[in-house]
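**Student:** Number 249 marks the last residue of the sequence shown (our numbering); no jumps.
Don't read these hints as lab results, they were simulated from the structure. Even for Gly, the Cβ is constructed at its ideal location relative to N, Cα and C. Incorrect hints may appear among the rest.
FRET-style restraints, in silico, Cβ to Cβ [stated by the list, open to error]:
no.: 1; residue 1: Val195; residue 2: Glu161; range: 35 to 41 angstroms
no.: 2; residue 1: Thr217; residue 2: Lys197; range: 16 to 22 angstroms
no.: 3; residue 1: Lys168; residue 2: Asn228; range: 33 to 39 angstroms
no.: 4; residue 1: Lys121; residue 2: Asn166; range: 17 to 23 angstroms
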Amino acid sequence: MDKNAIGYIVEIPNEYTVIINVGEFSVSVGDKIYIYESGKIIEDPITNQKLGQYDFIKETVEVTEVYQEFSVCKKVVRKKGNKISIAMTPLLQENIYVTYDELKVNPDENKHWAISNSLISIGDPVKNKIS
119 MDKNAIGYIV
129 EIPNEYTVII
139 NVGEFSVSVG
149 DKIYIYESGK
159 IIEDPITNQK
169 LGQYDFIKET
179 VEVTEVYQEF
189 SVCKKVVRKK
199 GNKISIAMTP
209 LLQENIYVTY
219 DELKVNPDEN
229 KHWAISNSLI
239 SIGDPVKNKI
249 S
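Construct the entire structure; sequences and hints are all you get.
**Tutor:** This is how it looks when you write it as C-alpha coordinates:
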(Lines of atoms letter the chains of each structure in order from A; the text may use other names.)
(Lines give C-alpha, C1' and ligand atoms only; values in the text may rest on other atoms or scores of the structure.)
Protein backbone atom coordinates (compact mmCIF):
# COMPACT_ATOMS: atom_id res chain seq x y z
CA MET A 119 0.00 0.00 0.00
CA ASP A 120 1.16 3.55 -0.78
CA LYS A 121 2.80 5.23 2.25
CA ASN A 122 0.34 8.17 2.05
CA ALA A 123 -2.71 5.88 1.99
CA ILE A 124 -4.86 5.23 5.04
CA GLY A 125 -6.74 2.51 3.16
CA TYR A 126 -8.34 1.75 -0.17
CA ILE A 127 -11.64 1.23 -1.98
CA VAL A 128 -13.04 -2.23 -1.16
CA GLU A 129 -16.55 -2.01 -2.65
CA ILE A 130 -18.53 0.13 -5.10
CA PRO A 131 -22.22 -0.55 -4.28
CA ASN A 132 -23.58 1.99 -6.78
CA GLU A 133 -22.62 5.15 -8.68
CA TYR A 134 -23.07 7.29 -5.55
CA THR A 135 -21.22 5.22 -2.96
CA VAL A 136 -17.82 3.72 -2.25
CA ILE A 137 -16.76 1.69 0.76
CA ILE A 138 -13.25 1.99 2.19
CA ASN A 139 -11.43 -0.37 4.54
CA VAL A 140 -10.98 2.34 7.17
CA GLY A 141 -13.12 2.18 10.30
CA GLU A 142 -14.10 3.98 13.46
CA PHE A 143 -10.60 4.37 14.88
CA SER A 144 -9.36 6.37 11.89
CA VAL A 145 -12.26 8.41 10.46
CA SER A 146 -15.47 10.13 11.54
CA VAL A 147 -18.68 11.10 9.76
CA GLY A 148 -18.00 14.29 7.80
CA ASP A 149 -14.30 13.64 7.18
CA LYS A 150 -13.04 14.35 3.66
CA ILE A 151 -11.42 11.40 1.90
CA TYR A 152 -9.31 11.73 -1.24
CA ILE A 153 -9.37 8.88 -3.77
CA TYR A 154 -6.15 9.11 -5.73
CA GLU A 155 -3.61 7.64 -8.08
CA SER A 156 0.00 7.69 -6.90
CA GLY A 157 2.11 10.19 -8.74
CA LYS A 158 5.68 11.31 -9.08
CA ILE A 159 8.21 12.03 -6.34
CA ILE A 160 9.03 15.74 -6.51
CA GLU A 161 12.69 16.69 -6.18
CA ASP A 162 14.20 20.15 -5.80
CA PRO A 163 16.32 20.63 -8.96
CA ILE A 164 18.87 22.73 -7.08
CA THR A 165 19.40 20.66 -3.91
CA ASN A 166 18.13 17.27 -5.17
CA GLN A 167 16.14 17.04 -1.93
CA LYS A 168 13.02 14.88 -2.15
CA LEU A 169 10.10 17.19 -1.34
CA GLY A 170 7.24 14.70 -1.40
CA GLN A 171 4.92 12.88 -3.75
CA TYR A 172 2.46 14.55 -6.14
CA ASP A 173 -0.70 12.44 -6.36
CA PHE A 174 -3.54 12.76 -8.87
CA ILE A 175 -6.82 13.21 -6.98
CA LYS A 176 -9.57 11.23 -8.73
CA GLU A 177 -12.35 12.42 -6.43
CA THR A 178 -13.00 13.95 -3.03
CA VAL A 179 -15.71 12.20 -1.02
CA GLU A 180 -17.11 12.52 2.47
CA VAL A 181 -17.54 9.84 5.12
CA THR A 182 -21.30 9.38 5.64
CA GLU A 183 -21.36 6.22 7.78
CA VAL A 184 -18.67 4.66 9.97
CA TYR A 185 -18.50 1.02 11.04
CA GLN A 186 -15.86 -0.74 13.11
CA GLU A 187 -13.71 -1.87 10.17
CA PHE A 188 -15.01 0.11 7.17
CA SER A 189 -16.70 3.36 6.17
CA VAL A 190 -19.24 4.45 3.57
CA CYS A 191 -18.31 7.51 1.50
CA LYS A 192 -20.27 9.66 -0.94
CA LYS A 193 -19.66 12.78 -2.97
CA VAL A 194 -21.57 15.42 -1.04
CA VAL A 195 -22.68 18.61 -2.81
CA ARG A 196 -23.96 21.43 -0.63
CA LYS A 197 -26.18 24.12 -2.15
CA LYS A 198 -27.61 27.26 -0.62
CA GLY A 199 -31.38 27.64 -0.43
CA ASN A 200 -34.10 25.07 0.00
CA LYS A 201 -35.16 22.48 -2.56
CA ILE A 202 -38.36 24.38 -3.47
CA SER A 203 -36.59 27.67 -4.20
CA ILE A 204 -33.91 25.89 -6.19
CA ALA A 205 -36.52 24.03 -8.25
CA MET A 206 -38.58 27.17 -8.91
CA THR A 207 -35.76 29.50 -9.89
CA PRO A 208 -33.03 27.51 -11.62
CA LEU A 209 -32.28 30.35 -14.04
CA LEU A 210 -31.97 32.90 -11.24
CA GLN A 211 -29.44 30.93 -9.24
CA GLU A 212 -25.99 32.48 -9.28
CA ASN A 213 -23.50 29.66 -9.53
CA ILE A 214 -19.87 30.19 -8.64
CA TYR A 215 -17.34 28.12 -10.52
CA VAL A 216 -13.59 28.03 -10.80
CA THR A 217 -11.53 27.80 -13.96
CA TYR A 218 -7.78 27.74 -14.46
CA ASP A 219 -6.01 29.78 -17.12
CA GLU A 220 -3.03 28.40 -18.98
CA LEU A 221 0.40 29.48 -17.77
CA LYS A 222 3.18 30.54 -20.13
CA VAL A 223 5.56 27.72 -19.26
CA ASN A 224 8.80 26.75 -20.95
CA PRO A 225 7.66 24.05 -23.42
CA ASP A 226 10.97 22.18 -23.07
CA GLU A 227 10.32 21.75 -19.34
CA ASN A 228 6.63 20.83 -19.57
CA LYS A 229 6.35 17.17 -18.52
CA HIS A 230 2.71 16.77 -19.65
CA TRP A 231 1.75 14.73 -16.59
CA ALA A 232 -1.65 13.13 -16.72
CA ILE A 233 -3.63 10.67 -14.66
CA SER A 234 -3.49 7.21 -16.23
CA ASN A 235 -6.96 6.08 -15.07
CA SER A 236 -9.52 8.60 -13.81
CA LEU A 237 -12.17 5.95 -13.07
CA ILE A 238 -12.63 4.99 -9.42
CA SER A 239 -11.89 1.28 -8.98
CA ILE A 240 -11.69 -1.28 -6.19
CA GLY A 241 -8.15 -1.13 -4.84
CA ASP A 242 -7.67 2.61 -5.39
CA PRO A 243 -5.83 4.13 -2.43
CA VAL A 244 -7.48 6.74 -0.20
CA LYS A 245 -6.06 9.36 2.14
CA ASN A 246 -7.53 11.92 4.48
CA LYS A 247 -5.19 14.81 3.74
CA ILE A 248 -3.31 16.25 0.81
CA SER A 249 0.34 15.44 1.42
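**Student:** Each of the hints needs a verdict: does it hold here or not?
**Tutor:** Do the hints match the structure? See the list:
Range check, Val195 to Glu161: about 37 angstroms between beta-carbon atoms, so the 35 to 41 angstroms window is met. In this structure the hint that Thr217 and Lys197 lie 16 to 22 angstroms apart at CB holds, the actual value being about 20 angstroms. Here the CB-CB span from Lys168 to Asn228 is close to 22 angstroms, at odds with the stated 33 to 39 angstroms. At roughly 20 angstroms, the beta carbons of Lys121 and Asn166 sit within the given window of 17 to 23 angstroms.
Checked against the numbered hints given earlier, the structure breaks only hint 3 and satisfies all the rest.
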